[in-house]
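A.B. asks: In case you want the letters, here they are:
2 protein chains.
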Amino acid sequence: MAFTTKSTIASFGGKLFKLSHPSTTTTTPMAVNLYLPPQALSPTNPQRVPLLVYLSGLTCSPENCSEKGFLQARASQLGLAILYPDTSPRGLDLPGEASSWDFGLAAGFYVDATTEPWSKGYKMESYIVKELLDTVFGDAEYGKYLDREKGVAITGHSMGGHGALTLYLKYPGLFKSVSAFAPISNPVNCPWGQKAFKGYLGEDQEEWKKHDATELVRGWKGGDLKALVDVGLADGFYKQGQLLPENLEKAAKEAGVEGLTVRYHEDYDHSYYFISTFSADHVDHAAKHLGLL
Amino acid sequence: MAFTTKSTIASFGGKLFKLSHPSTTTTTPMAVNLYLPPQALSPTNPQRVPLLVYLSGLTCSPENCSEKGFLQARASQLGLAILYPDTSPRGLDLPGEASSWDFGLAAGFYVDATTEPWSKGYKMESYIVKELLDTVFGDAEYGKYLDREKGVAITGHSMGGHGALTLYLKYPGLFKSVSAFAPISNPVNCPWGQKAFKGYLGEDQEEWKKHDATELVRGWKGGDLKALVDVGLADGFYKQGQLLPENLEKAAKEAGVEGLTVRYHEDYDHSYYFISTFSADHVDHAAKHLGLL
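Residue numbers (full-length UniProt numbering), protein chains in the order written: chain A, 1 to 293; chain B, 1 to 293.
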């Protein structure tokens, strides 16, 4: 189904389109922001551009990173589009949906829920990898600026870093590269992940492992990972053991999987101050694997 | 009086300090953010750096531009500190202080109020040009990173653009350069300015003119202005006649004042998307006049 354009905002020579579309996967309208760089919108020499998908963290909507992440600054120089999906369905009005900041609304964890009542529409995994990508590339108005052949990369922050890593690992070849800011790297072993997976997937921890980057990397057969991860050492959630990037590193090493770079940054926290500081590196990482650098 | 450090946040290789200090001018605690670039904080080769003051617009606090303006990205490369003051006293609890978004709280308009009850503490002009600058340069903890001899530049957005322009014009020599994003350029002739000036300064419109960039530029005797102004042509407030940058341009031209560059940008609005896009240019403008470029 086509996008409705809610607003259009000039940003770094390109344009950010605030969109909405009716999702058959979530059964709700879904908000999504699409940034098109100046190269795509050139009136004289328009170029079809590749796409970077940015998955947001807990409590966020497409707006936060569009305004505070600074990815557009570098994407506008390289000619890369950015897609900012939402973090859950909104409007299902399920019991308890809004009672936690780390479960339910804005906390979809990029899985397809199998438990009632969440299985009604909390299917963010299928929404992202199937419906949303097909919708944006197939859209009559916006698809013409994009080139699926050039490829799609994925990145994300915190819960969205978990989403980026797991969707990259679960769907080999769908994304040309992955990166993550402060990702929840081993959710089966942290409180956020355990709460979300129990709620969305039930008690069977074998099911949880199918959505855990550290578990998935053990079975990875796709060659070099093409993965960049940044973590701040002053990140309170890192210190609480919610992120566990060392477990991901260890699992990759044990499995003989190459191509995972994890950088630890003194003094940096979990906020958009952290994301914005390193956003150019993540755009460059994607651009390199999309043939732009 | 010394600053209390509320928090310290790593950003673009430097640090943002969220500070508070008791102001004798406003009679309240005042929040202020200070960004120190990596050059100032180098453990091996620290350099005392010049300062750019950023004045925020209506409804804003020191937080908005610190997080969304991206001035730090460029300032960190050049070695420039940035000071983000608040937009009004907070905590006076004056009658009607919170009843408008464009007058009172977060709407101090960078003037010293002469009418009751606002004259009690709404003295943002004196606060910025005297107390705050003296406090930051004289501070035992933070002053040592700054070099007042290298100079201070000023910039701002909307109401803060009005503040930057008028304080630059009223205090020749205090600031080495001025720039503004979508400034209220001729407040005596726009609804925002008329409401604020009537409220803070009373009925005498001759008093209003002392705080109007367009009026002040007519009497400017300080040589070339060293002023950069950016305006978005999709800015709703520009289209409503709240900004009136053409009046500033016309007055400068009629007065034979050189050195004012006003740029109009198709499609850009009044938001931080606009500010962030052009922030590097404004940092460069300040850096040039502070001897960094």
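Think of the hints as simulated: they come from the structure by calculation, not from any bench. Any given hint might turn out to be false.
It does not matter which identical chain is meant; a pair holds if it fits inside one copy or across any two.
Pairs of lysine to any residue residues, derived as SDA-like cross-links and limited to a Cα-Cα distance of at most 20 Å, are as follows [as the list claims (entries may be wrong)]:
{"#": "1", "residue 1": "K150", "residue 2": "E67"}
{"#": "2", "residue 1": "K130", "residue 2": "E206"}
{"#": "3", "residue 1": "K15", "residue 2": "S271"}
{"#": "4", "residue 1": "K15", "residue 2": "H265"}
{"#": "5", "residue 1": "K15", "residue 2": "G236"}
{"#": "6", "residue 1": "K239", "residue 2": "E63"}
{"#": "7", "residue 1": "K209", "residue 2": "K253"}
{"#": "8", "residue 1": "K198", "residue 2": "P172"}
{"#": "9", "residue 1": "K68", "residue 2": "D281"}
{"#": "10", "residue 1": "K68", "residue 2": "Y273"}
{"#": "11", "residue 1": "K176", "residue 2": "D284"}
{"#": "12", "residue 1": "K6", "residue 2": "L292"}
{"#": "13", "residue 1": "K68", "residue 2": "A280"}
{"#": "14", "residue 1": "K15", "residue 2": "D147"}
{"#": "15", "residue 1": "K68", "residue 2": "T8"}
{"#": "16", "residue 1": "K15", "residue 2": "L233"}
{"#": "17", "residue 1": "K288", "residue 2": "T8"}
{"#": "18", "residue 1": "K209", "residue 2": "T114"}
{"#": "19", "residue 1": "K68", "residue 2": "G199"}
A.B. asks: It remains to establish, for every hint, whether it holds in the given structure.
C.D. replies: Going down the list of hints, with the structure as the test:
| no. | hint | verdict |
| --- | --- | --- |
| 1 | K150 <-> E67 | neither (26 Å within a copy, 33 Å between copies) |
| 2 | K130 <-> E206 | neither (24 Å within a copy, 65 Å between copies) |
| 3 | K15 <-> S271 | between (24 Å within a copy, 13 Å between copies) |
| 4 | K15 <-> H265 | between (32 Å within a copy, 13 Å between copies) |
| 5 | K15 <-> G236 | between (34 Å within a copy, 17 Å between copies) |
| 6 | K239 <-> E63 | neither (27 Å within a copy, 25 Å between copies) |
| 7 | K209 <-> K253 | within (18 Å within a copy, 70 Å between copies) |
| 8 | K198 <-> P172 | neither (26 Å within a copy, 65 Å between copies) |
| 9 | K68 <-> D281 | both (16 Å within a copy, 19 Å between copies) |
| 10 | K68 <-> Y273 | both (8 Å within a copy, 9 Å between copies) |
| 11 | K176 <-> D284 | within (13 Å within a copy, 36 Å between copies) |
| 12 | K6 <-> L292 | neither (30 Å within a copy, 42 Å between copies) |
| 13 | K68 <-> A280 | both (13 Å within a copy, 16 Å between copies) |
| 14 | K15 <-> D147 | within (17 Å within a copy, 39 Å between copies) |
| 15 | K68 <-> T8 | both (17 Å within a copy, 18 Å between copies) |
| 16 | K15 <-> L233 | between (34 Å within a copy, 14 Å between copies) |
| 17 | K288 <-> T8 | neither (28 Å within a copy, 34 Å between copies) |
| 18 | K209 <-> T114 | within (14 Å within a copy, 67 Å between copies) |
| 19 | K68 <-> G199 | neither (30 Å within a copy, 35 Å between copies) |
Violated hints, listed in ascending order, are 1, 2, 6, 8, 12, 17, 19; each of the other numbered hints is respected by the structure.
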